[in-house]
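Peer 1: Here are the chains, one letter per residue:
6 protein chains.
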Amino acid sequence: MSDTFFHPISGFELPRFAGVPTFMRLPHVAPDHARFGEVEIGLIGVPWDSGTTNRPGPRHGPRQLRDASTMMRAQHAVSGMRPFEAARCADLGDVGPNPADIQDSMARITAYYDKVIEAGILPLTAGGDHLTSLPVLRSVAKKSPVGMIHFDSHTDLFHSYFGGMMYTHGTPFRRAVEEGLLDPKRVVQIGIRGTMYDEEDRDFAKAEGIRLILIEEFHARGVEDVMAEAREIAGDGPTYVSYDIDFVDPTFAPGTGTPEVGGPNSYQALQVCRALEGVNIVGADMVEVSPPFDMSGGTAFLGMSVMYEILCVMAGQVAARSK
Amino acid sequence: MSDTFFHPISGFELPRFAGVPTFMRLPHVAPDHARFGEVEIGLIGVPWDSGTTNRPGPRHGPRQLRDASTMMRAQHAVSGMRPFEAARCADLGDVGPNPADIQDSMARITAYYDKVIEAGILPLTAGGDHLTSLPVLRSVAKKSPVGMIHFDSHTDLFHSYFGGMMYTHGTPFRRAVEEGLLDPKRVVQIGIRGTMYDEEDRDFAKAEGIRLILIEEFHARGVEDVMAEAREIAGDGPTYVSYDIDFVDPTFAPGTGTPEVGGPNSYQALQVCRALEGVNIVGADMVEVSPPFDMSGGTAFLGMSVMYEILCVMAGQVAARSK
Amino acid sequence: MSDTFFHPISGFELPRFAGVPTFMRLPHVAPDHARFGEVEIGLIGVPWDSGTTNRPGPRHGPRQLRDASTMMRAQHAVSGMRPFEAARCADLGDVGPNPADIQDSMARITAYYDKVIEAGILPLTAGGDHLTSLPVLRSVAKKSPVGMIHFDSHTDLFHSYFGGMMYTHGTPFRRAVEEGLLDPKRVVQIGIRGTMYDEEDRDFAKAEGIRLILIEEFHARGVEDVMAEAREIAGDGPTYVSYDIDFVDPTFAPGTGTPEVGGPNSYQALQVCRALEGVNIVGADMVEVSPPFDMSGGTAFLGMSVMYEILCVMAGQVAARSK
Amino acid sequence: MSDTFFHPISGFELPRFAGVPTFMRLPHVAPDHARFGEVEIGLIGVPWDSGTTNRPGPRHGPRQLRDASTMMRAQHAVSGMRPFEAARCADLGDVGPNPADIQDSMARITAYYDKVIEAGILPLTAGGDHLTSLPVLRSVAKKSPVGMIHFDSHTDLFHSYFGGMMYTHGTPFRRAVEEGLLDPKRVVQIGIRGTMYDEEDRDFAKAEGIRLILIEEFHARGVEDVMAEAREIAGDGPTYVSYDIDFVDPTFAPGTGTPEVGGPNSYQALQVCRALEGVNIVGADMVEVSPPFDMSGGTAFLGMSVMYEILCVMAGQVAARSK
Amino acid sequence: MSDTFFHPISGFELPRFAGVPTFMRLPHVAPDHARFGEVEIGLIGVPWDSGTTNRPGPRHGPRQLRDASTMMRAQHAVSGMRPFEAARCADLGDVGPNPADIQDSMARITAYYDKVIEAGILPLTAGGDHLTSLPVLRSVAKKSPVGMIHFDSHTDLFHSYFGGMMYTHGTPFRRAVEEGLLDPKRVVQIGIRGTMYDEEDRDFAKAEGIRLILIEEFHARGVEDVMAEAREIAGDGPTYVSYDIDFVDPTFAPGTGTPEVGGPNSYQALQVCRALEGVNIVGADMVEVSPPFDMSGGTAFLGMSVMYEILCVMAGQVAARSK
Amino acid sequence: MSDTFFHPISGFELPRFAGVPTFMRLPHVAPDHARFGEVEIGLIGVPWDSGTTNRPGPRHGPRQLRDASTMMRAQHAVSGMRPFEAARCADLGDVGPNPADIQDSMARITAYYDKVIEAGILPLTAGGDHLTSLPVLRSVAKKSPVGMIHFDSHTDLFHSYFGGMMYTHGTPFRRAVEEGLLDPKRVVQIGIRGTMYDEEDRDFAKAEGIRLILIEEFHARGVEDVMAEAREIAGDGPTYVSYDIDFVDPTFAPGTGTPEVGGPNSYQALQVCRALEGVNIVGADMVEVSPPFDMSGGTAFLGMSVMYEILCVMAGQVAARSK
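Residue numbers (my numbering), protein chains in the order written: chain X, 1 to 323; chain D, 1 to 323; chain L, 1 to 323; chain B, 1 to 323; chain W, 1 to 323; chain F, 1 to 323.
Bound conformation, chain X alone (with noise of 0.2 Å):
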């Protein structure tokens, strides 16, 4: 199905610490690559954390991230997905943001994934913090409004910090889903916990039918009993997968702004990809990856995991569907 030209070099002929990091050693194809349009699972980076309120660090993420990502090989464990011969995956570069403005930033990152949804390609994103998913989600949920299965310790749902900043990473997903982008009754949010400012975000979460799993409830029932939960929330329609990293424990991922204790092991952040078999992914991202918090990478290591079984999950979509 997939050519040559976009296979990763393998570790057994090139050692795996060797070469120009791209994402799992794919190759580099920027949106003015002759090959660009024939890509079908697109890597992207966003290194941009303008919508920190507290430590910032994730515009260092999506580069810690390739340099985790060529650990990874050819064939999933478990599913024996091989993944690179399924679908053609490809590095599509960063999108550059504007340290200084916010608003131009976001209108750069969707000008350059509408080029990439425009192209017919899945993206998966290594972000940047957690407001990138909004400009994302502006591409992807472009002509109708999505589902969205989301991994993370926070809501995001707030309405505004200190006295009306409308756009951080506490409030991507009021925004879209006052931008109608999301669609709410089609949205779970999983692994929530931490202290709390107030509960704004979940009398918001209540009124619009936005189901939250409290981390609780995860550990109560089990990953399978609420992922099974998840999929039916998010159904059959195109659905957007995000992936806060600070969704996992701190302990496992402690290079992250905002860390909340008593969250999944690093088995459980696996396995609840495995669960989104099944679910039409239109996109996904993992975000809030810190190098500054965690300079020995073991976060990055993890979150490249993740998004390796995300992209099993979706390589097995495109497969079935080019049968």
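Keep in mind that the hints are not guaranteed to be accurate.
With beta-carbon atoms standing in for the labels, derived distance ranges [unchecked claim]:
| no. | chain 1 | residue 1 | chain 2 | residue 2 | range |
| --- | --- | --- | --- | --- | --- |
| 1 | L | S322 | D | S144 | 54 to 60 Å |
| 2 | F | A119 | L | A228 | 56 to 62 Å |
| 3 | D | E178 | F | A119 | 44 to 50 Å |
| 4 | L | K185 | W | A228 | 35 to 41 Å |
| 5 | W | E178 | B | S10 | 56 to 62 Å |
| 6 | X | S79 | W | D114 | 41 to 47 Å |
| 7 | F | D114 | D | R221 | 53 to 59 Å |
| 8 | L | A228 | W | K143 | 52 to 58 Å |
A few chain F positions that, by computed beta-carbon distances, are all more than 12 Å from chain W [unchecked claim]:
| no. | residue |
| --- | --- |
| 9 | E13 |
| 10 | R16 |
| 11 | H28 |
| 12 | R35 |
| 13 | G37 |
| 14 | N98 |
| 15 | Q103 |
| 16 | E118 |
| 17 | Y197 |
| 18 | D198 |
| 19 | L212 |
| 20 | R321 |
| 21 | S322 |
Source of the hints: derived by calculation from the structure; they are not laboratory data. Heads up, the beta-carbon is just placed ideally off N, CA and C, and yes, glycines get one too.
Starting from the structure of chain X, add chains D, L, B, W and F where the hints point.
Peer 2: Just chains D, L, B, W and F, lined up with the frame of chain X:
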């Protein structure tokens, strides 16, 4: 119930990385402060590790815990408790030890806590090594012995170290029983594990009727069942809660001097606190957080999250009483 | 001259690792404090890095500087100056920025410093990135332009970034000259080095008469000679001292966002401050200390040692005036 | 059974941070030592990583493991086993590899272990990368093939790397089967996971009758059930235990060269060892601890805790035999 | 002279933390790229450390150097050189070594450099350990011996290690002299220091006429004087520049395998490069940068700053020739 | 002069990362060892920091120094001295302190050194905090007072701490003068700097005739001139050398408890030792290396390099005497 003076500064008003770091951004109310008498729950630092026999460091604990504490917000995610509204809380500052004299340090600590107890303030202490609990108990249990729910990987019930050293972080509760501060029948120790010198401590526990719940039993029975028994042991009487951070597995809490592999994870670390609901808490401590062995601060963040959990339970009791 | 209230707690009374960490263990005297009007030198934190274009982090600077400052003692080793006896010093707290709005943040900072300046307090600021100096200068130089002795590896004289971003940490002194806050003829920049985009900043300096002392000249001539010229340039008029920690070689000060190899060592970092004796200092700052890039805190310790040096010079001036 | 010479120094006599660090503070008994012949269990370091294909480092493992081992005490917390009384244990020192020659290194290692085996000493090895197991097995299984219980995230059953490299840390057990050192029907590999190049190793396992227990099966069935099967596979015959630290989840054991997300936690890491009770252990190893990727030493501490668990099982067997 | 294709992306257009990290943000031009023939200076990675006898790690050097290189800008601060305009520069990618076979790796490297040399490209190499220089010299000095200016704390002139290991990072220049690649009379080694095994290497140097400048002489005479002699020794003939990062003091460059205390500081590290002006450089390398021993990346940042200095000298030569 | 038993293992025979780490890979010769009486220079660890008033840690120093010491080779690069051939050197092991009792610890240390001195062994000590020097001097100067060349940023001449603590790492030499162990006229302290509590220590020095060379004088005069004076002060009489690692600038030696900015660099750190040639050294120590504040080990590596320098001078004296 509580007025604005005792409210922490919100991160929505002043970013959390700003400001002189007091515990949970509460007002700093030293014993000579005009409003000391109004405080209901006092957070106190005891930067002291003279009882440490192997790897020192907990003297630096209170400062790092204060730093981490600026991440705490106004409301508990599960119980909905808003502790700073339920009770008047304050940072009472640090007790200054005499690094050169264990007995003098203990006298200073007890004298300080006497003032706190006399003012009717419930103390929530940030140690310090585990010897800290002894001079605190001398105040808290001045009138009559108290029960204790004790989370730890060690019993701290040894007779002495190095041929006669009676006051170390391995002996506080032996002394406390001998001094009549603890009612051994109402004491339970949870999470005990690690290689042993001998069984001298366990023999003492058995003789006195102290209940030990080894980590194997903890993992086998689960938090709820174990904590139900703990509440039963503590009963209705006044009970002290002592939480050694080495109760938690060292991967989750590396910043401590005597780690033991195989402990609870971070979620269980919080759960056991929530299960204190109903216990008659007359004081609590978080000890053995040792910043030099965890410069990234993850241990302090976990320690502070635990303190917030305990604080919520204590605040609920204060609120209940004042109704 | 100064009474006991304004004396830091001695490490001989209370160990240095104990206590809520204010700057140099001084009393925390916010603008609404009863004794605010008595302060002669105010240490102020500005935890803000919205002007940073590459690696953020200085928003965390003031807290780490406060932590390091507890190591400072009562007397300067060479001059014998006892700054806390020579002048009434206090920690005035932090100015709360608006992380979402650069203009609003600058307005808040200037408003705060207006209060400080009106009270006759000499401000010694702990930033924050270098854009911090601009809103501070708007207060300090409100009445008439000031001279400046500026230690840095960059000129921070650029016109704009990213196609029009006028307020970044690379532009504050361009703005300050344009706004008439700085008298360019009385400005000297010392330690300039590092690879360059172009010569736009240097052309501006030349046109305006700002004196640049590149690091090569600094190393060739030595501290004394260079600083004699600096004092001559500043003359007798009111002069601001701005100290970017990246002036120092990044091995000595790794915790900063835009390091440039080949700078002064730690001894020279102090020496240049001692050579400020005789300059009419109306305010000073230490900026660009970025904890996420130096978790061990060595950079903050050096930064605070530099602040202590400058404080001693300022205290001497205060003492001389009040004689 | 064992005399005082073979007892480790107690931390109650000499603080644990003191002394030249041998394994578990045991006497250093090199093969030319007068009491070598009396040793029953020998702890041996093999500081060697010439078989590593990606991130080297295990050559530094034995030293860090010795350092961590000074935290081990005299008695097992659950079984009550006092290994140093049950069997005469000693630190036999390190085998010196030839960093420049894999074949020569393997010859040196086998020659060293031949001396150990001939002296009737049970070897407990601290590697080194996983290729270490091959030259050790050449001694241990010299007379007849042995069974193996193998904890790892990889099978290490590959044919070769980089077009013909037959001796790497990914191939030792392929070679061991080919050389008749392992009886594949009595081999079980537990914890297998991670992305794959292909299925060549699994095909080999299937063809030879090696039982693979993937991590999914491990998590689903639990330690007890899995280990019951493992004991059954190993049966009564002589069995080698090989423990690659990357069996454990990389958050618990970051110091290793080929981490794979989603493994067992630290409690399970110990539990599997306790379940070795009853296996006829003729040798064991702990490999792939790589200090450069975990300077804090948590991985080595966990690795040493695992070695202590295995030692207790081995010591129990020795004691049983000598009754 | 150079067209836009060969210009690095400016940090004013795309923030420096964004993008796939090639050397200095130059285009990635592999040997099969259409514009390979136009390249004048090629930056090449050799991720290889099979010659390392103690602490491995330089195989990870090129990737960290690429990461650090995104901090480099368009113009040299002192000379005004704009290297990317003066010469067509590109990232030629990495040479893939065979981690299992030193001879095969050297053959691969030489074959790669043969292509580079044949294309008339000046190579600027990022190692790898110091053995890297040997296979590079086999290409660079294919036609006739070259001189060498060598910065290092070791001579790397040993005969062999471990009884016969001829190809290690301590022997490359012994081999290079023996193979006629270096003209020993035109070789100078600067910065030699550290404890010694014996004087075998120094005897060889003396016998062959290689000039050794020990660190004591370096510190006593200063950079200018020493480098004047170095230029004289090298003369007008083709000269190779080899820069081992352990030339620099280990405080400035901790990330290396064989540090020796007491070396040059970071300013001197740059100064010696500037003094290469006038040398006929036919190739240069930066070796022994070992990320596992400096996770913060300061060593790589210094190493890249040195490479930028050398690049500027090389670019000046290219520009001069093409006039 | 010295036989093979006392030679360290060469890194050419056994790689330096292998083996149980004794000081400089020398044999471990405890006082009860058969060849103890033959030792001429004994390296001794004193893992003790009970005298530390702020940040503890030096108790962990000897172990990290032993680890770093395996990097030392057979010959000094400048003097050509081969210390292990010039004198019979051995690792005498650690003195076990009593962490609970300062007086008992001092008694133990003195008792141990009495044995060493009586055996005619020159002690070279690895501390421990600076209080270590006092009990050592009680042995070394048992018969008559000695002179001292003391490298430090502090005088350690204070009377007491915290209202009466007489034995801290800030008081050893006050006690030593009072006890008649030091001849103050033959004592010189070099490198003094840092902020001060008061001038009490300096007044004592002045009254007793102890010469203080502040860091400003040191930098102004240079190593040679300062050390010439130091040698003159010490004269021909028996002289102790005490080297506090905080003499060196904290960037070069971060792993210490009381750093002071602006000290000597690493080259000067070695040079001052070489200038001890000709001093009649009767013992020496390296103190205050504190691993918890420098996990990477650079401080220990520098500390060990300094010890090697001093050892070479001592070995030369031994060799000269035995001629």
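Peer 1: Output the numbers, in ascending order, of every earlier hint that fails for this structure.
Peer 2: Structure breaks hints 9 and 10.
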